[in-house]
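Asker: Chains as they are written, first to last, in our numbering: chain A, 1 to 308; chain B, 1 to 347; chain C, 1 to 256.
Hints listed in this document are in silico derivations from the structure and should not be mistaken for laboratory results.
Remember, predicted model here, so these are calculated numbers, not experimental data.
Treat each hint with caution, since some may be false.
Subject to a maximum C-alpha distance of 25 Å in a straight line, what follows is the list of computed DMTMM-like cross-link-like pairs (lysine to aspartate or glutamate) [stated by the list, open to error]:
{"no.": "1", "chain 1": "A", "residue 1": "222", "chain 2": "A", "residue 2": "171"}
{"no.": "2", "chain 1": "A", "residue 1": "237", "chain 2": "C", "residue 2": "100"}
{"no.": "3", "chain 1": "C", "residue 1": "95", "chain 2": "C", "residue 2": "226"}
{"no.": "4", "chain 1": "B", "residue 1": "341", "chain 2": "A", "residue 2": "96"}
{"no.": "5", "chain 1": "A", "residue 1": "177", "chain 2": "C", "residue 2": "242"}
{"no.": "6", "chain 1": "A", "residue 1": "237", "chain 2": "A", "residue 2": "221"}
{"no.": "7", "chain 1": "A", "residue 1": "279", "chain 2": "C", "residue 2": "138"}
{"no.": "8", "chain 1": "B", "residue 1": "340", "chain 2": "A", "residue 2": "171"}
{"no.": "9", "chain 1": "B", "residue 1": "70", "chain 2": "B", "residue 2": "120"}
{"no.": "10", "chain 1": "A", "residue 1": "133", "chain 2": "C", "residue 2": "101"}
{"no.": "11", "chain 1": "B", "residue 1": "343", "chain 2": "A", "residue 2": "57"}
{"no.": "12", "chain 1": "A", "residue 1": "16", "chain 2": "C", "residue 2": "186"}
{"no.": "13", "chain 1": "B", "residue 1": "200", "chain 2": "A", "residue 2": "96"}
{"no.": "14", "chain 1": "A", "residue 1": "16", "chain 2": "C", "residue 2": "242"}
{"no.": "15", "chain 1": "A", "residue 1": "18", "chain 2": "C", "residue 2": "242"}
{"no.": "16", "chain 1": "B", "residue 1": "45", "chain 2": "B", "residue 2": "88"}
{"no.": "17", "chain 1": "A", "residue 1": "16", "chain 2": "C", "residue 2": "219"}
{"no.": "18", "chain 1": "C", "residue 1": "232", "chain 2": "A", "residue 2": "294"}
{"no.": "19", "chain 1": "C", "residue 1": "151", "chain 2": "C", "residue 2": "219"}
Residues per chain, in single letters:
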Amino acid sequence: MDLPVVVKDIHKAYGKVKALSGLSFDVKPGELFGFIGPDGAGKTTLFRILTTLLIPDSGSALVDGLDVVKDYKAIRRIVGYMPGRFSLYQDLTVEENLNFFAGIFKTTVKENYNLIKDIYQQIEPFKNRPAGKLSGGMKQKLALSCAMIHKPKVLFLDEPTTGVDAVSRMEFWEMLKRLQQQGISILVSTPYMDEASLCDRVALIQQGRLMDIDTPQAIIDKLPGRMFAITSPTMYKVLLDLQQFENAVSAYPFGDSVHLHVIDEGFETVDLAAYLTGKGHLGFEIKLINAGIEDCFMYLMEKHPAHA
Amino acid sequence: MIILFGMPVVQVLLFGFAITNDIKDARIAILDKSNDYMTREITNKLLSSGYFILGENLDKDDQIDKVFRKGNIREVVIFEKNFAEKIEKEKHAAIQIIADASDPNMANLLFNYTRSILNDYQRQLFKDKQFPMQIQTETRMLYNAELKSVYMFVPGIITILLMLISAMMTSISIAREKELGTMEILLVSPLKPLQIIVGKVIPYVLLSCVNAVIILLLSFFIFGMPIQGSLLLLIAETVLFIIMSLSLGIFISTVSQTQQMAMMLSMFALMLPTILLSGFIFPIENMPVPLQYLSLIMPSRWFIIIIKAIMMKGSDIMFLWRETLILVGLTLFFIAMSVKKFKVRLA
Amino acid sequence: MPESEQIAEKRETIIYVRDLVKRFGSFIANDHLSFDVYKGEIFGFLGANGAGKTTAIRILCGLSTPTSGQINVAGYDAYLETEKIKQNIGYMSQKFSLYEDLTLEENFTFYGGVYGLSRKQINEKTKLLLTRLDLLDESKTILKALPLGWKQKLAFCVAIMHDPKIVFLDEPTGGVDPITRRQFWDLIYEASHNGITVFVTTHYMDEAEYCERVTIMVDGRIDALDTPANLKKQYQAASMNEVFLRLARTARATGL
Chain A
1 MDLPVVVKDI HKAYGKVKAL SGLSFDVKPG ELFGFIGPDG AGKTTLFRIL TTLLIPDSGS
61 ALVDGLDVVK DYKAIRRIVG YMPGRFSLYQ DLTVEENLNF FAGIFKTTVK ENYNLIKDIY
121 QQIEPFKNRP AGKLSGGMKQ KLALSCAMIH KPKVLFLDEP TTGVDAVSRM EFWEMLKRLQ
181 QQGISILVST PYMDEASLCD RVALIQQGRL MDIDTPQAII DKLPGRMFAI TSPTMYKVLL
241 DLQQFENAVS AYPFGDSVHL HVIDEGFETV DLAAYLTGKG HLGFEIKLIN AGIEDCFMYL
301 MEKHPAHA
Chain B
1 MIILFGMPVV QVLLFGFAIT NDIKDARIAI LDKSNDYMTR EITNKLLSSG YFILGENLDK
61 DDQIDKVFRK GNIREVVIFE KNFAEKIEKE KHAAIQIIAD ASDPNMANLL FNYTRSILND
121 YQRQLFKDKQ FPMQIQTETR MLYNAELKSV YMFVPGIITI LLMLISAMMT SISIAREKEL
181 GTMEILLVSP LKPLQIIVGK VIPYVLLSCV NAVIILLLSF FIFGMPIQGS LLLLIAETVL
241 FIIMSLSLGI FISTVSQTQQ MAMMLSMFAL MLPTILLSGF IFPIENMPVP LQYLSLIMPS
301 RWFIIIIKAI MMKGSDIMFL WRETLILVGL TLFFIAMSVK KFKVRLA
Chain C
1 MPESEQIAEK RETIIYVRDL VKRFGSFIAN DHLSFDVYKG EIFGFLGANG AGKTTAIRIL
61 CGLSTPTSGQ INVAGYDAYL ETEKIKQNIG YMSQKFSLYE DLTLEENFTF YGGVYGLSRK
121 QINEKTKLLL TRLDLLDESK TILKALPLGW KQKLAFCVAI MHDPKIVFLD EPTGGVDPIT
181 RRQFWDLIYE ASHNGITVFV TTHYMDEAEY CERVTIMVDG RIDALDTPAN LKKQYQAASM
241 NEVFLRLART ARATGL
């Protein structure tokens with residue numbers, strides 16, 4: 001069976017700006033694959049190339065064994081695409097949108113209803129409401145349903161959770177997990193680091209380059225050294241002192257604690273405690289923690305500094 | 001930038017050259033029942049004045065009607081039998097001038113020019129004779145006896161309105177999908193460009209038809225425009241014109257990136273050339289030759305001929321097949337170009 | 001990060017809201033909101049999309065008038081003195097950006113002019129802020145050429161260049177990489193340290209922790225208003241994310 005996506009050394013530039021610089025990766029069948037990176041990393045450009053909307057400057061890409069440049073017509077029949085902005089017809093109702101997208105793919109809502117049932121049931125009470133009057137979370141669900149309605153082989157979701165609140169985001173990923181069970185390969189891009197852990201594998205992208213690609217756990221395991229989380233009644237001062245700590249690779253605020261990354265082999269919690277006490281801090285707490293994807297992302301960013 | 005500055009420049013040039021009220025090379029027909037030295041002299045004078053060109057030489061009265069319906073001839077000059085003889089013996093003879101008054105301004109002008117040339121000839125001829133001799137002229141304004149200028153304007157307005165509104169409606173449609181982002185999704189689907197284009201044109205056909213019916217009703221009831229010819233033919237031709245305008249709009253849409261540009265192109269870039277080069281205000285014959293050629297591709301020009309012919313002259317398809325065919329051709333051309341220019345990718 | 005001592009010192013109220021109601025026809029976007037914001041505070045304004053945050057912010061910025069309630073911003077009344085409010089605040093959002101076709105310098109000059117700063121003041125501020133961002137060498141670069149993270153930091157600087165009393169930030173770090181996000185918050189801390197009150201909305205729950213106090217809006221009402229530490233205790237949550245999820249899930253399932 002063909003791999004859902006195969007990308008070899010893709011380059012794409014817009015004038016002087018290099019959007020993608022030599023990207024290569026594969027996606028395995030039935031995988032929930034995440035592209036994690038900030039705006040400007042190249043996620044949308046990559047997705048547009050894979051959905052045949054843009055032609056790469058060099059390199060090749062295959063979707064389900066079909067070439068994105070030569071076989072674009074065939075690819076357009078078998079993929080589902082949810083582009084960045086909510087691209088629904090705002091003045092058509094929920095039901096009308098669904099029927100429209102089913103129609104252009106020469107199928108009906110009934111035929112593949114079981115595929116979208118879970119999602120659709122949540123918006124069904126509003127089926128006669130114009131799409132423009134739905135909340136962000138609801139629009140998302142409708143857009144996903146419309147992208148799925150023709151039972152695509154590969155689903156491309158470009159930043160589906162951007163600008164949406166935490167609750168809706170969680171619900172959305174729960175839906176994706178359930179969809180995965182239907183055997184569809186799903187590629188999702190997102191700027192939210194915490195969503196990485198919900199994917200089978202992730203690619204960390206920054207300024208058109210792939211920093212790493214692996215399962216979330218493997219990426220975390222690869223991080224050298226140890227991660228400490230420090231809380232204190234005087235957080236700001238602690239942060240400044242830790243940033244000046246010579247032994248540390250990095251010290252960053254993370255919500256209510258500071259994450260300190262140390263690679264030194266023999267370095268222990270007691271050593272850190274000694275340093276802080278030496279700086280006059282009292283009442284602080286140090287915990288040894290598992291790093292998260294965000295920690296790894298920042299570490300890799302510093303390792304491969306971006307060129308302006 | 002080009003549109004912002006180029007457009008006004010082009011339009012001013014167009015305007016300047018096209019607008020002229022002077023008569024030049026108007027096509028007339030002569031029915032000379034005498035064929036004597038005097039009628040030939042008069043004919044010569046008319047034709048060498050620079051105002052008139054000989055379109056046709058007629059032999060019989062019943063040819064007159066046909067020649068007007070064909071639409072090329074603006075005026076027929078008829079010399080009665082034994083013209084020269086009558087002048088010499090009876091001191092007067094008659095010339096009949098029949099003008100196509102579906103363009104009343106033009107008809108009036110032509111008549112006046114003709115009359116003044118005749119007066120000139122009269123003076124010249126009889127200056128050394130004692131007795132006043134007269135060339136009597138009898139005039140008939142065909143199709144528009146009262147010279148109602150409404151008859152001139154309304155067909156033109158119908159044409160312009162239908163064309164601009166239809167073109168504008170569709171020109172915005174595809175550009176809007178591009179702006180909103182829904183075009184991306186349409187592209188990543190099995191839909192072929194032709195399907196998308198036709199899908200965009202069809203709903204507006206109905207809307208434009210409603211528009212057209214309202215306009216025609218208003219012209220009929222309020223302005224008193226006659227409908228001498230077949231109503232069915234009128235409706236059919238109107239629908240054809242609408243489809244052509246919608247296709248033009250779609251074509252503009254495929255080359256515009258934004259709705260704004262589409263609007264500017266369809267409204268402003270189209271408007272003046274359509275009005276000026278269609279010949280409904282300023283006669284085409286009077287324009288510089290390059291502009292005359294340009295006017296050949298103006299669909300408005302052909303439709304005005306059709307609409308005037310049906311409404312005022314009662315012409316039927318036999319006379320109008322050429323113009324109809326041109327409209328069909330233009331429609332197919334715009335659709336083909338739209339499909340060709342339609343971008344299957346984003347960049 | 002807040003120092004609990006700081007709150008006790010800065011008790012001067014700079015935004016005063018009592019029973020703010022905003023109605024659109026029969027829909028109540030803001031349902032009797034009441035809160036104070038203290039001078040120099042970093043105040044977090046959280047809530048799901050559609051909860052009423054943007055409506056409230058527009059009223060506080062003087063961009064729209066309330067249906068009822070007492071609102072005082074930077075000492076000016078929100079009904080009668082909206083122009084004075086606008087002169088004394090700064091605003092920046094993810095969507096609103098600077099002019100992409102102008103250079104960095106030109107953007108500062110333009111907005112400085114809008115707020116009535118003199119040539120001298122504009123030049124001083126431009127130099128100061130660009131140096132702070134380490135972008136002085138790029139002052140003549142066109143904005144379009146910079147990556148997003150830099151644009152956002154610049155937009156913040158432009159928003160505070162006229163030393164406003166309050167700066168309103170509407171999801172300022174959306175889509176920005178994690179390192180730049182933290183640099184952005186460094187800027188926020190400095191501004192707060194210099195006496196500017198910061199009113200910020202965000203979808204990043206870890207950023208909620210950086211605020212001194214936080215409110216969470218649900219269905220047009222304020223369902224929580226306290227320091228992050230207190231809220232976590234109250235809801236027995238390990239993080240602000242959990243607090244938020246717990247509250248936001250109670251929202252009416254209206255689909256709106």
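Asker: Now tell me, hint by hint, if it's right for this structure.
Answerer: Hint by hint, here is what the structure shows:
no., hint, result
1, 222/A with 171/A, "violated (30 Å)"
2, 237/A with 100/C, "violated (37 Å)"
3, 95/C with 226/C, "violated (28 Å)"
4, 341/B with 96/A, "violated (30 Å)"
5, 177/A with 242/C, "holds (21 Å)"
6, 237/A with 221/A, "violated (30 Å)"
7, 279/A with 138/C, "violated (38 Å)"
8, 340/B with 171/A, "violated (44 Å)"
9, 70/B with 120/B, "violated (31 Å)"
10, 133/A with 101/C, "violated (34 Å)"
11, 343/B with 57/A, "holds (18 Å)"
12, 16/A with 186/C, "violated (31 Å)"
13, 200/B with 96/A, "holds (17 Å)"
14, 16/A with 242/C, "violated (44 Å)"
15, 18/A with 242/C, "violated (39 Å)"
16, 45/B with 88/B, "holds (20 Å)"
17, 16/A with 219/C, "violated (46 Å)"
18, 232/C with 294/A, "holds (22 Å)"
19, 151/C with 219/C, "violated (33 Å)"
In this structure, the earlier hints numbered 1, 2, 3, 4, 6, 7, 8, 9, 10, 12, 14, 15, 17, 19 are contradicted, and the remaining ones agree with it.
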